[in-house]
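Enquirer: Here are the chains, one letter per residue:
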Amino acid sequence: MAVGASAQAASPPAGGTSWRARTREGRFALALLAPSIIVVFGIVIYPILKTLYTSLYSVNTPFPGHFPWVGLRNYTFALSQSDFWSAVLRTAYFTVVSTGLELVFGMAIALLLIAPLRARWLFRTIIVLPWALPTIVNGAMWRYFFNAQYGIVNAALTQLGIQSSYHAWLSSPYGALNIVILADVWKNTSLVAFFLLAGLTTIPAELYEAARVDGYGRWGSFVHITLPLLRPVIVVVLVLRTIEAFKVFDIIYVMTGGGPANGTQSIAFYTYQRAFSDEFFGYGSALAYLIVLFILGFAVLYIRLLRSDTYSMA
Amino acid sequence: MGSEDQSHTHDRSYTRRRFFSAGLTGSAALYLAACGGSSSSSSSSSSSAAAGGSVTLNNLFQQQAGYSASDLAGMTAAFEKANPNIKVNNTLVAYEALHDKIVSAAPAGTYDVVLGDVIWPAEFGSKGIVKDITSLVNTLPTRQIFPGALVMANYQNKYYGMPWILDTKYMFANGSMLKKAGVSPSSLRTWDGVVAALKQIKAKGLVKYPWLGSWAQAEAVICDYAQLLGAFGGKFLDASGKPAFQTGGGLQALQFMKMLLDEGLADPASTSSLEADVLKAFQQGRIAMNLNWTFQLAGALDPSQSRVSKDDVMILHTPAGAVGRVAPGCNGGQPVMITSGSKHPNEAWTYIKFITSQTTQNGYVKDSLPIWSASYSDPTVVHDAGAQLVDVAKTQLPNMILRPQVTNYNAASQALQVQIQDALLGKKSPQAALNTAASAFTSGAPPA
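Protein chains in written order, with this note's numbering: chain Z, 969 to 1282; chain V, 16 to 463.
Watch out, some of these pointers could steer you wrong.
[What the hints assert, rightly or not] Here are some of the chain Z residues that sit facing chain V, going by a computed Cβ distance under 7 Å: (1) 1117; (2) 1188; (3) 1227.
[Said to hold, decoys possible] Across the chosen pairs, the derived CB separations fall in these ranges: (4) 112/V / 1184/Z: 53 to 61 Å; (5) 399/V / 1016/Z: 52 to 60 Å; (6) 1097/Z / 108/V: 22 to 30 Å; (7) 1273/Z / 108/V: 36 to 44 Å.
Bear in mind the hints are in silico, worked out from the structure with no lab data behind them.
Beta carbons are placed, not taken as given, at the ideal position from N, Cα and C, and that holds for glycine.
Go ahead and model the full structure; you've got the sequences and the hints to work with.
Expert: Encoded structure:
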């Protein structure tokens, strides 16, 4: 009886009580979520809105105050600047070449890492090291390697007799940009490789056996089985790396400072200089939004590719 | 089962109550902590150190040319010993990050004292990032300070900082190479003499490129260019404040830099080198001559870093554009400034007065010479800095060229850096490049 009474008391009857309980649960859930809502609003939504607001004014000081309203003129000014478009094209080159190379090398490494090698765990650990290195350290390291006066690349190539004298690797705009790409590829290929490795592990071995029975060699299996089944993973990797590459900043800041002759100035670096060095905060905010639009364009493109890919796979 | 449910419900409601009370307690704790911080902050206002309370100064300096990190630590330790109620936290960053860190930290009032640069008083002063400390500076015997040092902190007759690092670019030469090539050091008084010497050194096969400039896309290239512009009698701005570097000495300076590259006298790596790279090349004996700040002398004389014998390290007056002319050095002075957001301006000034005093500066002369003219006849200073440096500094420091004192200096300088590099890399003629840079001085700003 006692048990039955307590059970009755514990189980809420249908109707009003459950509504009250639901409200209480809702309040409790809200209280639990409040810290994350505040944090998300504080560090994500507020800065996004504040940047948009700033981009509509002529703000030339870091202090708060009243500033002249310029509407969309910061945006139209940016779009009329040849420096802006040069930086966009340079960033596009960086993005396409670095992402492409990372995909090719990443695929090669992933295929090696899936092979039944002895001490495979060791190879996998070694491969992940470049990605674990902070970008600032990576940039400083490559700047040191390619220093014309005391870099180890010149020393090695000269001592091996490959070149007769030291070469100024970072002193031409195009050369410097390609060296920065090399540094970026070295760091990020391992990430791509691990994404692809994860995709490779999901491909059933029976498919390769069937292909072998059908007379396909290694290349044939790669083209007809591996690549088609990896396509969703490749698209995801492309989306991630393209977005990251388009925002490239820190490696350029450390290795070249945007030079020589603006040859390595990416759009993110251009934005940083206009905003923080020149103190054109309104203009810098407009540039930041233009970068977002470019990245959004890439993202939409890739998501469409991913969708069509998913449907075709289905 | 029912009892279990009840106990579960009870537990949950207890947990919920506990959650709210914990949240309330936490919020209260945070609020109190904030109040505590605020009250501590307000209580530790400028008079708190004098009243016996402890004040902490947060300062921003650079870890590059000028005083070394250990010099600064030594000065600060001595200050804290003399002022036990004031504690000092110094943050050191690379010069390239200094400006942007000062700007981005300004609204929060993170720092009390910041190391500035001779090119920033116009910008920082006009935007209220640092305090006008004219009345404080004028309490000091400013007549005993080199005039070239005083201007580093001055904009429109106001002091936005106190001069501290007094520096200019000197000419450095490898005496051994000069001797082997049969070059007399006295021939290096003019740039014509320097070019002749570089050609002789190259012809003897002593090094492939006898000159290395710090001509990377950074403020470094502007400093080298300013030195040459001054030597050839040019000006950055005319009397009305309009760009004048695209003509006369300014144009000649860029043509000269381009000629050094074209003739194979300057290393092509110059366009990606900063002053630290130039120092390393000199230390390795890979170049015969270069321009650099005072810190190169200490680095080149340090046997643990340098392969060049001490006796072969020569520091010379910057060469003149022609015989009979006096060549000014680029003013590389760096003042210490009090931020407008500092809550302890009095203590900040006490610290600044201490580290810029003649006594303190006389104790650290290897990397930067004092701003006080009397120091140069002090036997201890002459001994510690070296007679070679003091002799050349005595004639070069009173005669320095300033980079343009304009409020949009950073944007203007970046435009000039890029155009100079365009000319050096052969993408434009020096004239076309400087014309473009000149137009960027007066235009190119976003809508206002």
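Enquirer: Taking the hints in turn, state whether each one holds.
Expert: Each hint tested on the structure:
Hint status for residue 1117/Z relative to chain V: holds, with the closest Cβ pair at about 4 Å, below 7 Å. Interface hint at residue 1188/Z: violated, since its Cβ lies 47 Å from the closest Cβ of chain V, which is beyond the 7 Å cut-off. Because the smallest distance between the Cβ of residue 1227/Z and any Cβ of chain V comes to about 3 Å, under 7 Å, the interface hint for this residue holds. Evaluation of the 53 to 61 Å hint for residue 112/V and residue 1184/Z yields a pass: the beta carbon distance comes to about 56 Å.
A beta carbon spacing of about 56 Å between residue 399/V and residue 1016/Z agrees with the range 52 to 60 Å that was offered as a hint. The hinted range of 22 to 30 Å is satisfied by residue 1097/Z and residue 108/V, whose Cβ atoms lie roughly 28 Å apart. A hinted range of 36 to 44 Å holds for the C-beta pair residue 1273/Z and residue 108/V, which are about 43 Å apart.
Checked against the numbered hints listed earlier, the structure breaks hint 2 alone; every other hint is satisfied.
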